[in-house]
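For chain A, the structure is supplied; the task is to place chain B on it using the hints.
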Amino acid sequence: MQFGIFTVGDSTTDPTTGDTPTENARIKAMLTIAQKVEEVGLDVFATGEHHNPPFVPSSPTTMLGYIAAKTQRIILSTATTLITTSDPVKIAEDFAMLQHVADGRVDLTLGRGNTGPVYPWFGKDIREGIPLALENYALLRRLWREDFVDWEGQFRTPLQGFQSTPRPLDGVPPFVWHGSIRSPEIAEQAAYYGDGFFSNHIFWPASHTAKMVQFYRQRFEHYGHGTAAQAIVGLGGQVFMSKNSQDAKRRFRPYFDNAPVYGNGPSMEDFTSQTPLTVGSPQEVIDRTLGFRDYVGDYQRQLWLMDHAGLPLKTVLEQLDLLGEEVVPVLRKEFAKNRPADVPEAPTHESLVIAAAGATRVTDATTAVIHEDLDTAAAIAPAGAGKTGA
Amino acid sequence: MAERTLAVVSAGLSQPSSTRLLADKLATATVVRLRDEGVTTRVVTFELRDYAQDVMNNMLTGFASPRLETMIEAVTTADGLIAVTPIFTTSFSGLFKSFFDVIDNRSLTDQPVLIGATAGTARHSLALDYALRPMFTYLHAVVVPTSVFAASEDWGSGAGGLDSRLATLPARIERAAGELAALVASSDRSTRVPDPFELPAGFNPSGFGPSGGPPARQ
Numbered sequence: 001m002q003f004g005i006f007t008v009g010d011s012t013t014d015p016t017t018g019d020t021p022t023e024n025a026r027i028k029a030m031l032t033i034a035q036k037v038e039e040v041g042l043d044v045f046a047t048g049e050h051h052n053p054p055f056v057p058s059s060p061t062t063m064l065g066y067i068a069a070k071t072q073r074i075i076l077s078t079a080t081t082l083i084t085t086s087d088p089v090k091i092a093e094d095f096a097m098l099q100h101v102a103d104g105r106v107d108l109t110l111g112r113g114n115t116g117p118v119y120p121w122f123g124k125d126i127r128e129g130i131p132l133a134l135e136n137y138a139l140l141r142r143l144w145r146e147d148f149v150d151w152e153g154q155f156r157t158p159l160q161g162f163q164s165t166p167r168p169l170d171g172v173p174p175f176v177w178h179g180s181i182r183s184p185e186i187a188e189q190a191a192y193y194g195d196g197f198f199s200n201h202i203f204w205p206a207s208h209t210a211k212m213v214q215f216y217r218q219r220f221e222h223y224g225h226g227t228a229a230q231a232i233v234g235l236g237g238q239v240f241m242s243k244n245s246q247d248a249k250r251r252f253r254p255y256f257d258n259a260p261v262y263g264n265g266p267s268m269e270d271f272t273s274q275t276p277l278t279v280g281s282p283q284e285v286i287d288r289t290l291g292f293r294d295y296v297g298d299y300q301r302q303l304w305l306m307d308h309a310g311l312p313l314k315t316v317l318e319q320l321d322l323l324g325e326e327v328v329p330v331l332r333k334e335f336a337k338n339r340p341a342d343v344p345e346a347p348t349h350e351s352l353v354i355a356a357a358g359a360t361r362v363t364d365a366t367t368a369v370i371h372e373d374l375d376t377a378a379a380i381a382p383a384g385a386g387k388t389g390a
Numbered sequence: 001m002a003e004r005t006l007a008v009v010s011a012g013l014s015q016p017s018s019t020r021l022l023a024d025k026l027a028t029a030t031v032v033r034l035r036d037e038g039v040t041t042r043v044v045t046f047e048l049r050d051y052a053q054d055v056m057n058n059m060l061t062g063f064a065s066p067r068l069e070t071m072i073e074a075v076t077t078a079d080g081l082i083a084v085t086p087i088f089t090t091s092f093s094g095l096f097k098s099f100f101d102v103i104d105n106r107s108l109t110d111q112p113v114l115i116g117a118t119a120g121t122a123r124h125s126l127a128l129d130y131a132l133r134p135m136f137t138y139l140h141a142v143v144v145p146t147s148v149f150a151a152s153e154d155w156g157s158g159a160g161g162l163d164s165r166l167a168t169l170p171a172r173i174e175r176a177a178g179e180l181a182a183l184v185a186s187s188d189r190s191t192r193v194p195d196p197f198e199l200p201a202g203f204n205p206s207g208f209g210p211s212g213g214p215p216a217r218q
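Sequence order for the protein chains is A and B.
If you use UniProt numbering, the first sequence corresponds to residues 1 to 390, in order.
If you use UniProt numbering, the second sequence corresponds to residues 1 to 218, in order.
Chain A with its partners taken away, still in its complex shape (with noise of 0.2 angstroms):
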């Protein structure tokens, strides 16, 4: 199981002390975050893009190229991509030149995007999100696959034998997950590729999530990359933690009364209980998490956000550290328990390596057709189950 930090990305005013961050303190936050990640022993850092200001993530790829450099061990990813309004061709080479510069420590999350007028600023109509989202995708898990791209759709400039540049690492693309809340289309897609479905779970009630999840584990199972418990899925989630839970309240409370999404609204006391916020001691963030198993399963990759409302540089380092210290150890080992063998991890580019290898000797022997999801069907299946895949 995976565990790490996603980042909105946003530079808030700190309501305590009035303070704005610069875009570049802010910027140089994020970076720091980044590699304190690695430092507290978490595996994963995502960063989001957005396009208007007060967030200052538009270039993920430049972000996390920096990052790749200044850490050894971490993957570096996305929440999310915006797979409707970015031109497929440049998210394909920007994220396999990420692999190289990365050594294959890459994925990414593609989203949708919730700011309306980003459409048009790109050119893009948000109407047409969902048929952008699978069109868009589409074309882009051909440049990773295929050489030569002869395309035409309705979204993008037609292409004849285009090779997008550089080709993936080790011939193998980075693994996709497809980020939504609320639209069954994003989960029937990411379930009818065999890729990833992440629920940012931060804003929704824990039976929403569940039913959503659901939803993909099935039809994960439909398209026969596996059983329903072996389909891949990652969750959002949001904490803030003192040794002692009621410190906890206090000093998160100015944040979350005048933070930009839900401030002003309900309590924290019912916004938590609604919600997977988790506002409280290490061991009370322990209990809560492990609680989303009860309702997804057994999954595969838990993303937290950390900085955000405006939380100082300082503080989220502190949480880091409480999370790296007292949480994610005893989560590693608590969900290892009673999961069954025959649940993936969440794949990396190791797995997808070894799988590809794995099909293409299926294919020297028998001169089969193998199905393009091969890849990441093999990866995620269980040691000694489903070869042939297709």
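Read the hints as simulated data drawn from the structure, not as lab findings.
Predicted model only: the values in this text are computed from it and were never measured.
A couple of the hints might just be wrong.
[Said to hold, decoys possible] Not the full set, but computed from the structure, chain B residues with beta-carbon under 7 angstroms of chain A:
hint, residue
1, THR61
2, LEU199
3, PRO205
[Unchecked claim] To spell it out: a stretch of chain A is covered by chain B in this simulated footprint if at least three of its residues, at any positions, have a beta carbon under 8 angstroms from a beta carbon of chain B; those stretches are:
hint, stretch
4, 185-199
5, 254-265
6, 270-282
Note that the Cβ used here is the ideal one computed from N, Cα and C, for glycine as well.
Chain B in isolation, oriented as in the chain A frame:
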């Protein structure tokens, strides 16, 4: 005996409220009409004041609290809806509009709706036709032709009747209830099981044309 459910939403603020009084009279008249047609009606009545904070929290956070979710479910799955608001500053009250702003804009499609409003004078009665009716039309609800407006003076009017010289409040209520009852009687809405994960017809996850089988092999 056939059974139907009728939801009543009142945005009155005072206690007692003439808006709630009108809502109750409309509901009672509708239940009587349905009984005459052999239909038993279960009425579920909600005062929006009781949900005011939940409605505003939903607007701010994007999701309904459990109690508001239960209430929205009861309203949107009913065979008919009676929606009554006081007129504030020439239109529906902000609370009334906020409630219909936070529910899914597809959830009232095809629902039979009777609209009503109250105010101090009859000068505001057209608000039913320039504010409430277009809103429910946008939501693809089926709004019955007669809407009922009660000004303060209407509460002192006589029984009237369909052949009366003037169509008084009770006569308007009777006519509106008859129109709603006919639609509620033929509704199967409360027995439908909605599938929140239903995909659009012909949906193809690869983005091209109607869906075939598994992903294209190549």
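Evaluation of the provided hints:
A hinted interface residue such as THR61(B) counts as satisfied when its beta carbon comes closer than 7 angstroms to some beta carbon of chain A; here the least separation is about 5 angstroms, so the hint holds. A hinted interface residue such as LEU199(B) counts as satisfied when its beta carbon comes closer than 7 angstroms to some beta carbon of chain A; here the least separation is about 6 angstroms, so the hint holds. Checking PRO205(B) against chain A: minimum C-beta separation of about 4 angstroms stays under 7 angstroms; hint holds. Taking a C-beta to C-beta cut-off of 8 angstroms, the stretch 185-199 of chain A contributes 7 residues in contact with chain B, enough for the three needed, and the coverage statement holds.
Residues of the stretch 254-265 of chain A with a Cβ under 8 angstroms from some Cβ of chain B number 5, which satisfies the need for three, so the listed coverage holds. With 4 residues having a Cβ less than 8 angstroms from any Cβ of chain B, the stretch 270-282 of chain A passes the three-residue criterion, so the hint holds.
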